[in-house]
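**Student:** Sequence:
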Amino acid sequence: MADERRERRRYNRLMLECPISFFTRSGQVAAKGKSLDISDGGTFVSVPVEQVHQLQGKVNLTFSIPRSTENTYMLEDFACQAHILRRQPLVDESFAGVALAFTSPMDLGLEV
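Start counting the sequence shown at 540; every next residue gets the next number (the working numbering).
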């Protein structure tokens with residue numbers, strides 16, 4: 540089954556923790572979490588269980604990807620919409636995993 544899943548993915552995923560905020564249509568923060576992995580096509584996010592019920596259908600989100608060179612470190616900010624594909628429990632029961640597909644592929648410049 541894992542082989543079938545890999546074949547369906549168009550984008551390589553990178554294990555990367557970065558902060559993610561989810562917003563309501565009116566612009567209020569609905570939930571905050573962190574990515575566990577990310578690709579140009581979507582991300583898998585850890586969200587506190589008490590906030591996960593607020594995430595349904597299509598969501599607006601922002602996230603920051605760390606960038607660094609020999610002399611600098613910065614966060615590059617992104618904003619997009621995504622569809623929730625599934626929710627699942629995590630080992631730490633106070634968090635739930637949320638799989639998201641970006642509505643349009645992103646060019647995140649990730650080196651996998």
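None of these hints come from the bench; they were simulated from the model. Idealized CB from N, CA, C, for every residue including glycine. Some hints here could point you the wrong way.
[Unchecked claim] With a cut-off of at most 20 Å between alpha-carbon atoms, the simulated EDC-like pairs for lysine to aspartate or glutamate come out as follows: (1) Lys571 / Glu609; (2) Lys597 / Asp579; (3) Lys597 / Glu615; (4) Lys573 / Asp616; (5) Lys573 / Glu609; (6) Lys571 / Glu650.
[To be verified] Simulated restraints on C-beta separations: (7) Val630 / Glu609: 18 to 28 Å; (8) Lys571 / Pro628: 13 to 23 Å; (9) Thr563 / Thr608: 14 to 24 Å.
**Student:** That 18 to 28 Å hint for Val630 and Glu609 (C-beta), does it hold up?
**Tutor:** violated (36 Å)
**Student:** Is 14 to 24 Å a correct range for the gap between the Cβ atoms of Thr563 and Thr608?
**Tutor:** violated (36 Å)
**Student:** Is the Cα-Cα distance between Lys571 and Glu650 20 Å or less?
**Tutor:** Violated - the C-alpha atoms of Glu650 and Lys571 are around 25 Å apart, more than 20 Å.
**Student:** For Lys573 and Asp616, compute the direct alpha-carbon distance and say whether it is at most 20 Å.
**Tutor:** holds (14 Å)
**Student:** Compare the distance between the alpha carbons of Lys573 and Glu609 with 20 Å, and conclude whether the hinted pair is satisfied.
**Tutor:** violated (25 Å)
**Student:** Do the alpha carbons of Lys597 and Glu615 lie within 20 Å of each other, as the hint requires?
**Tutor:** violated (23 Å)
**Student:** Does Glu609 sit within 20 Å of Lys571, going by the straight-line distance between their CA atoms?
**Tutor:** Measuring from Cα to Cα gives roughly 30 Å; hence the hint is violated.
**Student:** Are the Cα atoms of Lys597 and Asp579 separated by 20 Å or less?
**Tutor:** Status holds; Cα separation ~17 Å.
**Student:** When you take the CB atoms of Lys571 and Pro628, is the distance between them in 13 to 23 Å?
**Tutor:** holds (19 Å)
Violated hints for the displayed structure, listed by number in ascending order: 1, 3, 5, 6, 7 and 9.
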